[in-house]
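Chemist: The residues making up each chain are set out below.
Protein chains: 2
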Amino acid sequence: MKWVIGIDLGGTNCVVGAVAADGSRVIGDHSRPTLPRRGEAAVIGELIAMAKITIDEVKRADPGAEILGLGAGAPGPLDIHRGIVVLTPNLGWTNVLLRARLSEALQLPAALENDANCAVQAECWVGAARNGQCVIGLTLGTGIGGGIVIDGKLSHGASDAAGEFGHMVIDFNGPICGCGNRGCIEAYASGVNIARRAKEMMAAGQQSALTAMSDNDPERVTAMLVYEAAASGDAVAQQVADDTARYLGIAVANLVNIFNPDTVVILGGVIHAGDALFVPLRCEVTARAFKPSTDACRIVPGALEGLAGVYGAAKAFLDQRASGVI
Amino acid sequence: MKWVIGIDLGGTNCVVGAVAADGSRVIGDHSRPTLPRRGEAAVIGELIAMAKITIDEVKRADPGAEILGLGAGAPGPLDIHRGIVVLTPNLGWTNVLLRARLSEALQLPAALENDANCAVQAECWVGAARNGQCVIGLTLGTGIGGGIVIDGKLSHGASDAAGEFGHMVIDFNGPICGCGNRGCIEAYASGVNIARRAKEMMAAGQQSALTAMSDNDPERVTAMLVYEAAASGDAVAQQVADDTARYLGIAVANLVNIFNPDTVVILGGVIHAGDALFVPLRCEVTARAFKPSTDACRIVPGALEGLAGVYGAAKAFLDQRASGVI
Numbered sequence: 001m002k003w004v005i006g007i008d009l010g011g012t013n014c015v016v017g018a019v020a021a022d023g024s025r026v027i028g029d030h031s032r033p034t035l036p037r038r039g040e041a042a043v044i045g046e047l048i049a050m051a052k053i054t055i056d057e058v059k060r061a062d063p064g065a066e067i068l069g070l071g072a073g074a075p076g077p078l079d080i081h082r083g084i085v086v087l088t089p090n091l092g093w094t095n096v097l098l099r100a101r102l103s104e105a106l107q108l109p110a111a112l113e114n115d116a117n118c119a120v121q122a123e124c125w126v127g128a129a130r131n132g133q134c135v136i137g138l139t140l141g142t143g144i145g146g147g148i149v150i151d152g153k154l155s156h157g158a159s160d161a162a163g164e165f166g167h168m169v170i171d172f173n174g175p176i177c178g179c180g181n182r183g184c185i186e187a188y189a190s191g192v193n194i195a196r197r198a199k200e201m202m203a204a205g206q207q208s209a210l211t212a213m214s215d216n217d218p219e220r221v222t223a224m225l226v227y228e229a230a231a232s233g234d235a236v237a238q239q240v241a242d243d244t245a246r247y248l249g250i251a252v253a254n255l256v257n258i259f260n261p262d263t264v265v266i267l268g269g270v271i272h273a274g275d276a277l278f279v280p281l282r283c284e285v286t287a288r289a290f291k292p293s294t295d296a297c298r299i300v301p302g303a304l305e306g307l308a309g310v311y312g313a314a315k316a317f318l319d320q321r322a323s324g325v326i
Numbered sequence: 327m328k329w330v331i332g333i334d335l336g337g338t339n340c341v342v343g344a345v346a347a348d349g350s351r352v353i354g355d356h357s358r359p360t361l362p363r364r365g366e367a368a369v370i371g372e373l374i375a376m377a378k379i380t381i382d383e384v385k386r387a388d389p390g391a392e393i394l395g396l397g398a399g400a401p402g403p404l405d406i407h408r409g410i411v412v413l414t415p416n417l418g419w420t421n422v423l424l425r426a427r428l429s430e431a432l433q434l435p436a437a438l439e440n441d442a443n444c445a446v447q448a449e450c451w452v453g454a455a456r457n458g459q460c461v462i463g464l465t466l467g468t469g470i471g472g473g474i475v476i477d478g479k480l481s482h483g484a485s486d487a488a489g490e491f492g493h494m495v496i497d498f499n500g501p502i503c504g505c506g507n508r509g510c511i512e513a514y515a516s517g518v519n520i521a522r523r524a525k526e527m528m529a530a531g532q533q534s535a536l537t538a539m540s541d542n543d544p545e546r547v548t549a550m551l552v553y554e555a556a557a558s559g560d561a562v563a564q565q566v567a568d569d570t571a572r573y574l575g576i577a578v579a580n581l582v583n584i585f586n587p588d589t590v591v592i593l594g595g596v597i598h599a600g601d602a603l604f605v606p607l608r609c610e611v612t613a614r615a616f617k618p619s620t621d622a623c624r625i626v627p628g629a630l631e632g633l634a635g636v637y638g639a640a641k642a643f644l645d646q647r648a649s650g651v652i
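Chains as they are written, first to last, in the numbering used here: chain A, 1 to 326; chain B, 327 to 652.
Please note: incorrect hints may appear among the correct ones.
Said to hold, decoys possible - Covered by chain B, per the in silico footprint, the following chain A stretches (three or more residues, Cβ under 8 angstroms):
1. 146 to 159
2. 250 to 262
3. 292 to 301
Calculated from the structure, these hints are not laboratory results. This one's a predicted model, so the numbers in the text were calculated from it and none came from an experiment. By construction, the Cβ of each residue, glycine as well, lies at the ideal position given by its N, Cα and C atoms.
Given only the sequences and the hints, what does the whole structure look like? Please build it.
Modeler: The following block contains the structure:
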């Protein structure tokens with residue numbers, strides 16, 4: 001069987017697995033914390049060690065295994081054609097030749113791809129957006145990112161920076177975003193800002209179960225905790241969750257009007273809120289976007305969870321090899 | 327020489343010309359007012375008559391002329407694969423088999439394409455966005471529309487409705503748009519809304535040269551008149567023009583962050599404002615969008631003026647023939 005090693009380099013965790021070249025299965029799925037303070041060489045060394053373990057596992061599980069190469073997903077901005085991580089503030093990296101270093105150490109051809117692009121492409125390949133031809137993926141985490149698939153292909157833009165959906169302005173008079181502008185969707189609906197809105201309501205004196213749930217420590221109020229409190233009926237948390245769905249609905253409606261996608265796939269921990277997120281979000285999109293576009297579009301949670309990055313990195317290798325990028 | 331007939335069916339005017347298949351020249355360029363009240367058959371009859379005159383001209387000018395086919399650009403929503411104008415409120419049309427009717431009457435293979443897509447694709451082919459691979463076009467007129475070119479190809483979306491940039495929300499608390507939502511960019515920066523903002527400032531008692539320029543008739547305050555007054559130093563008109571550039575800058579910054587295009591091309595009468603529009607617009611984009619994306623992107627006025635639709639319709643025929651749509 002043919003295999004591709006998929007490496008998902010995240011700010012918090014690294015995940016490595018071997019993906020069957022037809023997307024049918026994954027072997028390995030090792031996860032370790034990323035320890036950026038140890039420095040770039042140590043982090044890359046760890047990825048290489050995890051990949052070697054994975055390769056050994058594949059060879060044990062499938063004695064006829066052929067390992068075609070490896071794909072690595074990393075936070076941007078990247079230079080995909082040159083295989084370089086241009087800048088990754090979370091890791092403190094600048095102009096790291098990640099593709100070449102992985103390729104040399106593992107003696108395999110390698111590809112580099114943006115992490116959000118990997119996750120979205122994985123959902124198109126074997127996940128919730130399978131068979132989608134025009135797919136918009138929105139990754140909701142500490143920040144908000146995304147990926148664009150048109151005619152089944154990732155759209156990278158002119159300098160590998162396409163898909164920065166988090167900094168779409170939905171209210172130019174809105175709250176200040178980490179990027180310095182006002183009213184980006186990220187300033188409302190990233191994990192940090194979901195928690196911020198709940199904390200602001202509590203600081204304004206509204207009673208909430210979140211106070212007890214966080215042991216009265218505002219630092220412990222996270223987006224996850226807000227959704228947990230909302231599920232148990234807390235009014236403040238429900239308000240925050242409803243507002244989040246509405247803000248995201250405005251952003252998704254913009255994307256639906258812009259792209260007329262067949263699928264919008266939402267990724268990130270917040271999708272575990274399920275209907276509490278998706279029902280009001282879809283309502284907002286239906287109320288706002290053009291009918292021919294909403295009629296053509298399904299809005300779904302991602303299906304691959306923590307493996308999206310590994311699947312997507314492997315797929316990036318296959319796609320970049322097929323299109324001659326590597 | 328090989329030629330394609332280009333038909334640009336607009337709400338106000340129809341333009342028909344013959345375009346050399348290499349885009350090097352156009353013959354004809356006939357424009358007549360669209361008279362929708364006469365009914366669909368009369369409007370289509372007029373297009374056919376104009377096309378026949380154009381074909382005769384081509385044959386006179388180039389005795390060896392080979393006419394490959396015709397392309398028609400029309401306002402959407404369309405069904406491009408079936409060649410149908412699904413709905414055109416301005417013309418009062420529903421489910422008109424425009425492609426088949428033109429093709430039969432003129433005995434030529436035919437293609438149908440969205441009018442904004444035609445204009446943007448024309449600019450990519452022979453205009454201001456020439457050689458662009460990832461191009462976003464914004465058409466500013468009575469309404470605001472657009473087109474998306476990725477890897478040199480128009481992106482139509484799942485149901486031929488992609489590119490509705492006019493209904494991107496930039497302030498969800500903003501003024502009500504014709505679509506019923508609040509704060510779409512169209513509610514600020516379409517021709518109608520540029521004039522509206524000037525009239526509101528005048529109605530609030532601000533002195534403006536626009537009063538005399540419009541013979542004190544608010545109906546005669548148009549976006550064009552506002553830019554004329556701004557050019558002659560009128561403070562109210564300058565404020566409106568500055569605000570317009572800022573609003574458009576917010577929308578363009580969103581599109582630059584989303585697509586990371588190599589070119590944003592702005593089309594419509596308002597581009598005649600020149601630097602008065604483009605200088606503050608580019609400033610706003612640079613201040614707002616991500617640097618790797620603004621660095622990669624030029625923001626330019628369209629170069630083809632009234633012929634963009636004809637060139638683009640002809641190109642749509644060539645592209646749809648090459649890709650097997652027709």
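Chemist: Going back to the hint list, which numbers does this structure go against?
Modeler: none
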